[in-house]
Every structure is written in structure tokens, then in C-alpha cells.
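Colleague: Using the sequences and the hints given, assemble the complete structure.
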Amino acid sequence: MKRESPNLFAALLLGVFGNVLLSSQAGYWVRPGVLLLPVSVAALTAASLAFGWGWRQVDRNPAARWLLLALLAMSSAIEILRMWRLFESAYPDGMSMFGICLMIVAPVIYLRRVSAIAQTANVVLVVLLAASVLMVVSIAPQLRLSNLQCVPLTVQQAGTTLWAQIVLYPEFLLPSLWPDSARFGKRTLLRLAGWGLAFSVGAHLLLELFFGMDALAQENPLHIAAQSGALSIFNRLEWLQLILWMMVVTIKLSLYLYAGVHLMGGHACKSENNAVGLDRFPFYFGLMLFLCALWRSADINRLTDVRNALMVIYVVLIVLGGGLRWLVTPASEKD
Amino acid sequence: MPVIRKEDKLALDLQANKAFLQACFGDSLDYYSKDLMMGRVHCCIALFTGLSSPEKLTVMALSLLEQEKTEFQQGTQLCRYLLTQSRIPTESTPITTKSVLVERLANGLAVFLIDGCPCAVALSTQEMPQRSVSNPGGEGNMHGPQEAFTEMLRSNVSLLRRQFRTKTFVAELHIAHTHAKTEYCLCYDKERVASDTIQTLRHRLEEVQLPVLLDSSYFASFLKQDKLNLFPAAAYTERPATACARICEGKVAILVSGSPFAMIVPSFFSEHFESLDDYSSGAVFAGMIRLLKYLAFLLSVFGPGVYVMALTYAPEIIPVRLLSTLAQAEVQTPLSPMLEMLAVTLLLEIVREAGLRAPKAISHTVSLVGALIIGETAVSAGIVSVPVLTMAAAATVATLAVPSLYEQTILFRFVVILLTGIFGVPGFACGALLILAMACGSEPFGYDYLYPLMPLCGATVRDGFVRTIWTSLAKSRGEGQK
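Sequence order for the protein chains is U and H. Numbering of the first sequence is given in our numbering, commencing with residue 1 and proceeding in unit increments. Numbering of the second sequence is given in our numbering, commencing with residue 1 and proceeding in unit increments.
Simulated from the structure, these hints should not be mistaken for lab results. All of these numbers come straight from a predicted model, not from anything done at the bench. Everything hinted at is true.
Here are the computed lysine to aspartate or glutamate pairs in the DMTMM-like style, where the Cα-Cα straight-line distance is at most 25 angstroms:
no., chain 1, residue 1, chain 2, residue 2
1, H, K34, H, E91
2, H, K293, H, E249
3, H, K224, U, D279
4, H, K227, U, D279
5, H, K18, H, D8
6, H, K181, H, E206
A few chain H residues that face chain U, going by a derived Cβ cut-off under 10 angstroms, partial list only:
no., residue
7, Y313
8, L322
9, I435
10, L436
11, A437
12, P455
Facing chain H, according to a computed beta carbon distance under 7 angstroms, are these residues of chain U, among others:
no., residue
13, M103
14, A106
15, P107
16, R113
17, V123
18, F234
19, N235
20, W239
21, L242
22, I243
23, M246
24, M247
25, T250
The C-beta atom is built at its ideal place from N, Cα and C for all residues, glycine as well.
Modeller: Pasting the structure below:
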């Protein structure tokens, strides 16, 4: 099969799934989650489309590019720090921040082509789904229907769930950056939001079946649940989950790096398919290490909230800026 | 048309041409030349005795020329007669340059130099010492053809041509830019090969500059897009049947003179897990064997790493009874699991290399001493534990289930052991993703290296991880051709 135009949808979807898997519990209730799913999907799609429109208007603006670049760098550092915290909690004596940063960033060297990112994301997505099924099967005896909550919902619970669903992750913005080369269809953003939120609802349903009311009290509920999974040859399965999550984070980072290089003015290598030159990796690794060291002691959840807020502000600014640009542009140049 | 330099042109004078050959090959043992008169024209026959047969020359040319009643007056007249009128099977085009003259002689042709004519005539009288077609030594198969390529390029092409009886089969001869001017041949089906693939291949091979070309594998590095990628850019076979099957799939077989291996490009990951027997055996059995090969590959690459990771960093994943057995064994050895595993794996590699390079008479002894005696004594002395030895041995045996990926498997195994030994679970994840990214990033001539395994599609189960029944396979291939 010829690789003529690699499709990055799997990488984006993996990134969205990674956000669901790695995010801490945020008071997400399943019932309002299901009910609000269409609203959230519509809201996310609309926001992404609006960003795409605004981005096309302000495409050459260096400030817009550098701001998004900074947000992507921040997101990358947050992902690394989150993995480091997770590994620290699972293996307290095992891992330094430098080691985790190195282990996450090193494979990006082989993920510098867009086709490599696309194909690796396809494989990891399949493995992630297969492993998820395996892990669900391994904890199946502990999933109880009686754990499903039947108490009446409050407006506050619905609001918290909606707030948790409509987080504007960088993955929803990235399709707007390279619309021509990545073969995205018209409904890409809708599909991305739909699959992402459906996965989120599914994961939270499993958590409620497993923990019941306690699901909201767990900091890393998916990881705790995975610790109860066992196969005859393996006593616990959380290591498998950690390995897969780390792969997901690496692919997210490689996608952000590809987008970052694109934002900095195109491709470092000769052809479209060669996204990132090898000479940029020491700088990239140094930047990630610096940011991780800078936020080493920070509260990851708070940092994530700040990133999410900045992302929303950025999108609003781009849409407003795009609107203004559109208004002042002569009609003959609008097409 | 290439421009011919003046000094490269053959002279009108026979003595000048003879002097050139004498200067080149006069000191060589196998160079033979003989002056003779044809009518009134002075001529000279030159050949290499090991490559060309004087008997064939006598039967094919000299006896016929003796019977000729024409009285040749001029060299050009004789040359024209030999090329166009006589029954002597000469090459259709005359030799006009010294470089071509040397090339024809080195190819085993006899050359007829004629006085008064600035060209020579070549006669196909090759008779080279060669190994007969024998069984393939490195590709075991129970069914199917049992013949292998030899070192003779033309013989290898004929082995392919015999199986590929269509007008679309092409065997393109090229001369490599090496000091020895080695010949290589691109064999493909012009209807099935992608035109951009063959053009790119021709272009890339044309640019290759090598001091020497002894095997088609020398080209492999030049065909890689990413030089950091460890996965092979091409597959190799010594079986004409396998090469023929690949050509039918639209691939190109590269044969190099003097090498009994054909290089197949483009090559995909799944091909390393296929064999001719897959298509002779039943679909269910063939599918099971293929799955076993994939498992063997995973075991050989990740098995020792998982062992080191589990024992050093994540003992909680091992069931308690197994863990106590492993812990007891590890307590008695002074080295850490990572160092133990590295030492044993390195030792096994040394034993393999010694067994491979040692003279055949003692290679079995080397293997026996290495594998049994050193292994046994190392365990008895408490240097390595039995579980480590078992895992390393299992990984080594598993490697041999996919021999074409041997180099990669060994390198990956070392990387995974080192990463898991130093960094634990994240190290394992990093190693696994590095390997996966390498496989996914490989793009032989713009094709997906993991096709048809990934992305998942109908072909994945048709002839990927497993093989479907022949009736379904034939139908799908027929549809594919349409």
C-alpha cells in the first residue's frame, strides 16, 4: 500500500484518548455524561471549526504562531510531568524526572516523519484498544451493576460533567494547522470529538461499575482499577497500562513537535514527509527538560487547568482576530 | 549516446591493438592469443583460457573459416563477412573501443582482432567453472522446488526465466560503478511492477559508487530512506521460486554476478514471517505457524527484557510461587539480572559466531563446548542463574524461527535489556516504541513497511498474520490484479 498522504486522524484520536486516560478524576458522572454527549460534541466541534476559520484568517501572524507553539510546549511538559508523577506513585524508588523525560522523548527521534507518526499511532491505537479489552476482562468479576448510581442528579453535577467534557485540548486545534497535507475529511473534527467523548463516557462507566460511589474519590481511578487486573502469568496488569500510556504520550509529543515545526515556518527537511530534522532534537529535549524542571513541584491539575484556560482564551482571541481581519479585508481578497 | 574518447578507440593497425592487450594481460597466466591469416588479412584471436573454451572456438569458428573459399583482401571486408554473412555465431555488434574489448574478454568471450579494421568481433565461447544448481542451504522448505541460485548471473537469470514463461519478464543488465565493473541484473515483470519503483531503483543503483560489489546486500544501505532505521530495506532469497513469487507480486529481484542470493525490493515486515511451505500446507496449519513465528519474534526481542524488568523493578507482576523460585535462584548469583542476562546473551552470540566461522570439522565441538559445558559450569559455579539461562536460550532459539531478522532481533534484544535494566518499566516502553516507530517509519519505495498487517484491513487476515484458504486467496489476488 502506497503512503501518498498519511492520515493523522489516528494520532489525534490517540491523543484525545490519552487525555481521557491520564486526566485525574474531575467529578464526572456517567448519566449526565451520556445525556450531555451530543451537546458537548457539538460545542467542541463548533469551537474547533471556529478556530479553524479564525486561523485561516490570521495564518501568517507570528504572534498567533508563537503563542500556539508555547501552548504546545506547555502541554508537552504537562504530559511528561503527569507520567512522571504516575510512575512515582507506582514505583516510588524507580524513576528520576530526567529518566522519564528521556524515555518519553527518545522515541520521538524515529517519529519525526508524519507517515511514521500516522502509522505508529494506528498500531498503538489497536494495541491500546486490545489491551483495554484485556484489562476490562481481567477485572470483569469486580464490575458490578449494583455499583451504578441511581441517586437524583443535581444541576451542579451536570455542570461539572459538562465542564469536564468540553475541555478544548490541543488535538482539536491541530487539524486546522495542516489542512492540505494531512488528508482530513469534512467531518474530522466531529468524528474526533464524538469518538473522544464516547470513549470518555465508556471509561467512566467502567469506573462507576468498578468503584461505585467511590469513583469520584480516586485520584487515578483507571490506574487503581488496573492494579486489580491479573492474568494467570501476570499477577497485576498496571505495568501494561503504564507502558501503553507512555506510548500514547510519546505519540502526542511527536504530534505536537510536528505541529510546532510547522508553526515555526515549515519543514526542516527536504520533503513534506520529513517533518523534523535530527539537528533540532537536542534543543527539543533540552526545552522539555527545562520546562519539566521549572514545573517540577507544581500541582499538575492546577497547571492543566491553567493550560485549558489559556487554550480557551487563545481560541477566542484567534476567532476574534480572524473576525476582525475578515471585516477589514476587501471583499475581492476574501476568496 | 556516450561520447567515445579518441584514445579508447581501437586502432586500425592490428599490432597496436595486440600491443594494448599484451600490455594489459601479457603477464597473466590465463591470457591466450594466436595470430592467423584469413585470406590476405592478418588476424589475431584472444581469449582467457579459464573463461573461454578453445575447443568451442575451434568448432564454432575456426573450422568454418577454414572451409571458407572467399579470398579476403581487406580487414573491413572480413569483419563485415563475420558479422553479417557467415554462419559463425558472433555477437551482433562489433567491438569498437578498448574498454568494451577488455569487458568482453573478461566476460569469457573470444575476440577476433582484424588488421586494417578499427573494430573487433566477439564470439560466444564462454565456458566457466561453476557450481552446479544445488539445494538451498539457508532456506529450509519441505515442499516446492528445491533448487537454489548459483554464483553465475546468467545461470540465475535462466533459473528465473524457466519459471517465468511470459513475455513480460524483464532481466535488465547493468554494470556497477565498482573497480571490478561487476554486473548486476534487475529482474521484474513489466506489467506488474510499479513504474516509479523501477525507475527509482534504477536511478539509486546507478548512483551507487562502491570499491567492490560481492553481494546484492551491498546495495541495501543505499536503498534505505532513513539510515538510522535498523529494519532491512530489502529481503533476500536463494530460491528462484521465492524470487519468482515476489516478481509476480510486482517486486524487483536484484541479482549480482558472483552472488547466489537475490535481493527483493520493496520488502515488507510480514514477508519475514512467510515461507513457501505456508502455501503448500493447509491454511489452518500455515496460519498457526505464522502466528507462532510472530510470537517467537516478540519472545526473542522482549522476553529477556521483560524478565529483567519484572525481577528488578516490578516483581509484583509475577505470581508469588514463580517469584519465590526466581528469587531463590537470583540470590545465589553475584550479578544483577540485567548484567546476568547481558552476559549470557553475549556469550551465546559469541558461541554462535564461533560456530559459524570455525572450520566445519570443529564447529560442532565449539557449539557443544560453548552451549553445554560453559552454560553448565557457569550455573554450577553460581555465576548465572538457571532461569536467566533458560530465558536467554529460549530467546536465542526463538530468534532462529525468523532467521531473516536475526541481526535486528539481536540488536533490539540488547537495547531492550539495557533500557529495562537501567530504567525499568519506562525503559521497556521506550524500547518497545523505538522498535515500533522504526518499523512504522520504514518506507521501502514509499510503501507501508507494515502492510498488510497495519492498518488493519481485509489483507491482514487474507495473507498477513494468518493465511486464508487458497480459493479465497486466489480470488482476492485475481481481483487485485484487475
